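Asks: Chain by chain, the residues:
Protein chains: 2
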Amino acid sequence: MRVAIVGATGAVGHELMQVLERSTLRFDELLLYASPRSAGTRLTFRGQELTVQVTPEGPIDADVILASAGGSVSKALAHQWIKGGGVVIDNSSAFRYDQDVPLVVPEVNGEAALKHQGIIANPNCTTAIAVVAVAPIHRKYGVRRMIVSTYQATSGAGQKGMDELVEQTRHVLDGQEATHEVFAHPIPFNVIPHIDSFQDNGYTKEEMKVVWETHKILGDDSVRVSCTAVRIPTLRTHSEAITLELERPATPEQIRELLAASAGVEVRDDPSGKLYPMPLTASGKYDVEVGRIRESLVFDGGIDLFVAGDQLLKGAALNAVQIAEYLQEHGALKERQRI
Amino acid sequence: MRVAIVGATGAVGHELMQVLERSTLRFDELLLYASPRSAGTRLTFRGQELTVQVTPEGPIDADVILASAGGSVSKALAHQWIKGGGVVIDNSSAFRYDQDVPLVVPEVNGEAALKHQGIIANPNCTTAIAVVAVAPIHRKYGVRRMIVSTYQATSGAGQKGMDELVEQTRHVLDGQEATHEVFAHPIPFNVIPHIDSFQDNGYTKEEMKVVWETHKILGDDSVRVSCTAVRIPTLRTHSEAITLELERPATPEQIRELLAASAGVEVRDDPSGKLYPMPLTASGKYDVEVGRIRESLVFDGGIDLFVAGDQLLKGAALNAVQIAEYLQEHGALKERQRI
Chain W
1 MRVAIVGATG
11 AVGHELMQVL
21 ERSTLRFDEL
31 LLYASPRSAG
41 TRLTFRGQEL
51 TVQVTPEGPI
61 DADVILASAG
71 GSVSKALAHQ
81 WIKGGGVVID
91 NSSAFRYDQD
101 VPLVVPEVNG
111 EAALKHQGII
121 ANPNCTTAIA
131 VVAVAPIHRK
141 YGVRRMIVST
151 YQATSGAGQK
161 GMDELVEQTR
171 HVLDGQEATH
181 EVFAHPIPFN
191 VIPHIDSFQD
201 NGYTKEEMKV
211 VWETHKILGD
221 DSVRVSCTAV
231 RIPTLRTHSE
241 AITLELERPA
251 TPEQIRELLA
261 ASAGVEVRDD
271 PSGKLYPMPL
281 TASGKYDVEV
291 GRIRESLVFD
301 GGIDLFVAGD
311 QLLKGAALNA
321 VQIAEYLQEH
331 GALKERQRI
Chain L
1 MRVAIVGATG
11 AVGHELMQVL
21 ERSTLRFDEL
31 LLYASPRSAG
41 TRLTFRGQEL
51 TVQVTPEGPI
61 DADVILASAG
71 GSVSKALAHQ
81 WIKGGGVVID
91 NSSAFRYDQD
101 VPLVVPEVNG
111 EAALKHQGII
121 ANPNCTTAIA
131 VVAVAPIHRK
141 YGVRRMIVST
151 YQATSGAGQK
161 GMDELVEQTR
171 HVLDGQEATH
181 EVFAHPIPFN
191 VIPHIDSFQD
201 NGYTKEEMKV
211 VWETHKILGD
221 DSVRVSCTAV
231 RIPTLRTHSE
241 AITLELERPA
251 TPEQIRELLA
261 ASAGVEVRDD
271 PSGKLYPMPL
281 TASGKYDVEV
291 GRIRESLVFD
301 GGIDLFVAGD
311 QLLKGAALNA
321 VQIAEYLQEH
331 GALKERQRI
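These protein sequences, in sequence, are chains W and L. Residue numbers in the first sequence follow the working numbering, run continuously in steps of one, and reach 339 at the last position. Residue numbers in the second sequence follow the working numbering, run continuously in steps of one, and reach 339 at the last position.
Just chain W, with the same shape it has in the complex (with noise of 0.2 Å):
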């Protein structure tokens, strides 16, 4: 079987490899595409070194393609990229919200990407990290209201957006005043609540998506969704404070137990150790960190809780590489004519 990756020396491409590398996923080739300008790079994929080609405008030879390079890459060639016969999952926000194309997050309805119609698409970051924790929850105690606040890394915007971090941060420390390119104000030592276009609802792309996409995943529109998305200065991993009210009511004894069974949730809730979720702790981690739960202060029998995943890997690279991984345990990835 062969996997291609689309966007390959991108930030989530980088990720895209190492996840691979440790994968269950079967495969025996892997083809690296970029963009013209990337093209010609020489990476090391399990010892062995790989040159990244021009991403083709036709068929790629390929049983799984992992596109990261963009909705508009991904809206323009995925249904050429089809046609050699192997299913897109795609890391843009380009087919989202088509109906025929699954949204999936497997350890939530990862039965969802089995119908696939040659494009799944994996779901933006913050949704995809809050989700984990919360489609439990919903599933046993029934979700009414869901208010997210996120504490969004850099990295949201690839490599260039935690150069940029880095680098106005050294400017900073030297005295000098931060510019910026990648963000829409100086991000060093700034908050900026803004993460995508402003809607013409008053909220951000950002925002919208994670209602629209909680929605489509839990397969639930009668969830009451909300977000404030905000970029801070850090490199890797979203944080997101989320307030829930619930049908029945629930302890945070019960949660965290429920929680401790879930698949990709790592509890960590110790107050008294000083262990709850953190970028430093969950950076590089592939279970999203959940902790700080506690009865909900506004809804009775509610439950208020804390979580930080990486979103270059649950967010990103590692859910795309779990739904290939899902479609072939599930014996979903047919065997294809190569072109």
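I should point out that these hints are in silico values taken from the structure, not numbers from a laboratory. Treat the numbers as computed from the prediction; the structure is a model and nothing was measured. Backbone N, C-alpha and C define an ideal beta-carbon position, used for all residues, glycine too. Be a bit skeptical, because a hint or two may be false.
As the list claims (entries may be wrong) - Distance windows between CB atoms, simulated:
#1 Glu29(L) with Ala184(W): 24 to 34 Å
#2 Asp300(L) with Gly71(W): 25 to 35 Å
#3 Gln199(W) with Asp300(L): 45 to 55 Å
#4 Gln199(W) with Tyr97(L): 38 to 48 Å
#5 Lys205(W) with Thr51(L): 53 to 63 Å
#6 Thr179(W) with Lys160(L): 25 to 35 Å
#7 Ala260(W) with Val182(L): 47 to 57 Å
#8 Val182(L) with Arg336(W): 49 to 59 Å
Stated by the list, open to error - Okay, derived cross-link-like pairs now, DSS-like style, lysine-lysine, Cα gap no bigger than 30 Å in a straight line:
#9 Lys75(W) with Lys274(W)
#10 Lys205(L) with Lys274(W)
#11 Lys334(L) with Lys83(L)
#12 Lys115(L) with Lys334(L)
#13 Lys274(L) with Lys160(W)
#14 Lys274(W) with Lys83(L)
#15 Lys285(W) with Lys205(W)
#16 Lys115(L) with Lys83(L)
#17 Lys75(L) with Lys274(L)
#18 Lys75(L) with Lys205(W)
#19 Lys205(W) with Lys75(W)
#20 Lys274(L) with Lys285(L)
#21 Lys115(L) with Lys205(L)
#22 Lys285(L) with Lys140(L)
#23 Lys274(W) with Lys75(L)
#24 Lys115(W) with Lys75(W)
#25 Lys115(W) with Lys334(W)
#26 Lys83(L) with Lys75(W)
Using the hints, position chain L against chain W.
Replies: Showing chain L alone in chain W's frame:
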């Protein structure tokens, strides 16, 4: 009239001197006090060099005593200081929950200050900043539920907090591992959902201060308040994402108009012009910036907003001086027999 600052050499003490320089408060002498370690320091006020003296353990010969030397010092000595006939405006949490001590944000409940019995408490910074925006909304539309997630600067832990952020960020950028003394974990490029000590209910004291103090300042225990208090790697200005359920529905436009006419608030809410509250613009500013005002997606007729306020100013020094100004304007600084 004489004013005294106790804790003159700390971060808030520094801000108190700056704010007093620009204040309309009429006084002719300033006394500066600090711990024995800092006594002897010479500080300039209105072009004059003043020598910091050791904090008295008995009466202070001043009309207004602005105390910012920590809760234990205030608790032990404030009742001695006021034997000099002055009023203590205390920045610590030592007296905030005492029934006979008013907790005052002048724009909200200035009249409470007039009923003091020698001590007036300055609120927790996060609460002071939130309540400037929320109180006018509560008065007009009735806040039923208030859900707060904070983005708190290191200056909340004083000068040493800011120093730790700067110093440790340099270490990380130089490829070294960050250490920590002031904060529970390394703060550079990290997020720490832990400010002040944990309570039995799983909330931190910082979070419960927002609940208790919002109730006391609004004079209304029926508002259901919850908070997640989070330290992030910024230098000054606390930001807060706030979701409000209202008794009487309001539109974003109504809230914008209301807040534009409210004291202590700068409405900064033009997404198309990339204008919203941020530490970068709110730092050093007297008004609290309020923006991202939008219809709640979880409460019909409710409102979401984002605030940023300089917690060394409105959250501390400025509010204390404004209390003194309020007392003077209302003839409540009685002629004192000098000791």
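Asks: Look at each hint and say if it fits the structure.
Replies: Here is how each hint holds up against the structure:
1. Glu29(L) with Ala184(W): 24 to 34 Å: violated (48 Å)
2. Asp300(L) with Gly71(W): 25 to 35 Å: holds (33 Å)
3. Gln199(W) with Asp300(L): 45 to 55 Å: Given a distance of about 19 Å, which is not inside 45 to 55 Å, the answer is violated.
4. Gln199(W) with Tyr97(L): 38 to 48 Å: holds (42 Å)
5. Lys205(W) with Thr51(L): 53 to 63 Å: holds (58 Å)
6. Thr179(W) with Lys160(L): 25 to 35 Å: holds (30 Å)
7. Ala260(W) with Val182(L): 47 to 57 Å: violated (32 Å)
8. Val182(L) with Arg336(W): 49 to 59 Å: Holds, at about 58 Å.
9. Lys75(W) with Lys274(W): violated (45 Å)
10. Lys205(L) with Lys274(W): This hinted pair holds, its Cα atoms lying about 14 Å apart.
11. Lys334(L) with Lys83(L): Roughly 14 Å between the alpha carbons, so the hint for Lys334(L) and Lys83(L) holds.
12. Lys115(L) with Lys334(L): holds (13 Å)
13. Lys274(L) with Lys160(W): Between Lys274(L) and Lys160(W) the Cα gap is close to 21 Å, so the pair holds against 30 Å.
14. Lys274(W) with Lys83(L): Status violated; Cα separation ~42 Å.
15. Lys285(W) with Lys205(W): holds (27 Å)
16. Lys115(L) with Lys83(L): Since the Cα atoms of Lys115(L) and Lys83(L) sit roughly 18 Å apart, the hinted pair holds (cutoff 30 Å).
17. Lys75(L) with Lys274(L): violated (45 Å)
18. Lys75(L) with Lys205(W): violated (49 Å)
19. Lys205(W) with Lys75(W): holds (18 Å)
20. Lys274(L) with Lys285(L): Holds: Lys274(L) and Lys285(L) sit about 19 Å apart, inside 30 Å.
21. Lys115(L) with Lys205(L): Holds. Lys115(L) to Lys205(L) sits at ~27 Å (cutoff 30 Å).
22. Lys285(L) with Lys140(L): holds (26 Å)
23. Lys274(W) with Lys75(L): With a Cα-Cα distance of about 28 Å, the restraint between Lys274(W) and Lys75(L) holds, given a limit of 30 Å.
24. Lys115(W) with Lys75(W): holds (20 Å)
25. Lys115(W) with Lys334(W): OK: Lys115(W) and Lys334(W) at ~13 Å, within 30 Å.
26. Lys83(L) with Lys75(W): violated (75 Å)
When the structure is compared with the earlier hints, violations turn up for hints 1, 3, 7, 9, 14, 17, 18 and 26 and for no others.
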